[in-house]
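Novice: Taken in sequence, the protein lines are chains A and B.
Last residue of the first sequence? That's 219 in the numbering used here, and every number before it is there in order.
Last residue of the second sequence? That's 221 in the numbering used here, and every number before it is there in order.
Do not take every clue at face value.
[As the list claims (entries may be wrong)] Residues from chain A that keep clear of chain B, each with C-beta distances beyond 12 Å, as calculated:
(1) 28
(2) 43
(3) 64
(4) 86
(5) 87
(6) 134
(7) 135
(8) 155
(9) 204
[Claimed, not checked] Computed list of chain B residues with no C-beta within reach of chain A, every gap over 12 Å:
(10) 47
(11) 136
(12) 140
(13) 156
[As the list claims (entries may be wrong)] Selected chain A positions facing chain B (Cβ under 7 Å, derived; list incomplete):
(14) 66
(15) 77
(16) 78
(17) 126
(18) 167
(19) 185
(20) 197
Hints in this document: simulated from the structure, not taken from any laboratory.
Remember, predicted model here, so these are calculated numbers, not experimental data.
From the three backbone atoms N, C-alpha and C, an ideal C-beta is built for every residue, glycine too.
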Amino acid sequence: MTFDWSVVWQHRDVLAQATGTTVLLTIATMLIAVPCGIVVAVLRLYAWKPVGVLATAYVELFRNLPLILVVYWAFYVLPILTGIGLSPLATGLTALALNVTAYNAETFRAGINSIRRGQTEAAMALGMSRAQALRRVVVPQALRRILPVLASTWVSLFKDTSLVSVIAVSELAYVAMQIRAQTYRVLEMLTAMALIYWLLGYPQAKLVDWMQRRFAVTE
Amino acid sequence: MEFNFAVITDHWRFLASGVGVTLLLALLSGVTSLTLGFGIALLRLYGPRWLRPLIVFYVDSMRAIPVLVVLVWTFFALPLVAGITMPPFFAALLGLTLHLAAYAAEIVRAGIESVRPGQTRAARALGMSPAQILRRIVLPQAVVRMLPAFGSLLSVTIKDTAIASVIAVTEFMRQSETVAGQSFQPIEVYTFAMLVYFVILYPVTRGVESVYRRVAHLGRS
Chain A
1 MTFDWSVVWQ HRDVLAQATG TTVLLTIATM LIAVPCGIVV AVLRLYAWKP VGVLATAYVE
61 LFRNLPLILV VYWAFYVLPI LTGIGLSPLA TGLTALALNV TAYNAETFRA GINSIRRGQT
121 EAAMALGMSR AQALRRVVVP QALRRILPVL ASTWVSLFKD TSLVSVIAVS ELAYVAMQIR
181 AQTYRVLEML TAMALIYWLL GYPQAKLVDW MQRRFAVTE
Chain B
1 MEFNFAVITD HWRFLASGVG VTLLLALLSG VTSLTLGFGI ALLRLYGPRW LRPLIVFYVD
61 SMRAIPVLVV LVWTFFALPL VAGITMPPFF AALLGLTLHL AAYAAEIVRA GIESVRPGQT
121 RAARALGMSP AQILRRIVLP QAVVRMLPAF GSLLSVTIKD TAIASVIAVT EFMRQSETVA
181 GQSFQPIEVY TFAMLVYFVI LYPVTRGVES VYRRVAHLGR S
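Chain A extracted, bound-state conformation (with noise of 0.2 Å):
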């Protein structure tokens, strides 16, 4: 069997492109989830006790849910319930997003939890409201906490971008396979978009790494 690279190197435009794509959509989510995942987090720890069940259903649910399904259900389900069609782009957005707010809300509640409640209370008994004790206390340390769990849900994200490709979100993933059902050079298209991959996740795994020891907390 002969293999032919030049394929990768034709498509290097489209290939950038669709990486161009990916990166964005990994930014995107994030900048959706971050804000959310605070709002579900603080309503889960702070709202009336109904709404606060209503967000806990939520994260429960979306964490105990294959991505994958997600993805289908909001490429189906989303325009007849909301009755608004949106892009294939704009949906996996919405999934991703949908997904990842979950998560994050899940690592904003752990982390305020992490700090100990005498700590609030001593606050408190300093004559600061329960909001200040929030700002100037508790927030300040579980951000540290906080920080390296949301660099490693980044990368989760990073990849998890390649499953909006089952409902063709230019994306790297959908694209490389796209070329490769073109050319039919299957291992040389595969192998390229597995580089790929491999070339921008492998800094941001071992970012990871570095933060985690950066920020380690002992109590």
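Following the hints, put chain B in place on chain A, whose structure we already have.
Specialist: For chain B alone, kept in the frame of chain A given last:
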């Protein structure tokens, strides 16, 4: 808008077979990746020095490449290099094992390293061999500490089997796609699929937590 859930009852045998394949694939890849992960972690910690960079490279690479890519590569590209053809199920098992073993190895390594070195030294001072120390002192504590992480790895494994639908493994996700496509009732089918996955995954997450709460004291030192 009208929903007709008869499509589920009409195809229940077909869908149930998918659930069976999902559970089988998750169970098998769970066992193989755990076994392989243990081996890799032990080699990394106690094996020859030259092997270590290779293992670190493997583990970090698997953390950098999406499961989808690993699965697609094992199914479509590996046969071209290796000259063997595999049925989708075995390609999925191989791909998932390759991917998840890296995560399992990290969990095992972190667990073993969490046992204070003073204990190993004390055991050595008492005349135990390295194998004895590992078996009698380090692992009993380390394994308990690994439990929560293994629990979440198990739920990740079950979720990742759904990605095997891309390489036509007839697991539950794939069967649902087929039914949804043939019946033109994607809402009912995918909503039902969500319910099924949640019913499978939620007890796993919760069960591991409650088991851990019961045995956590065994891991303290």
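Novice: If you test the structure against every hint from before, which numbers come out violated?
Specialist: Violated: hints 3, 8, 9, 13, 16, 17, 18, 19.
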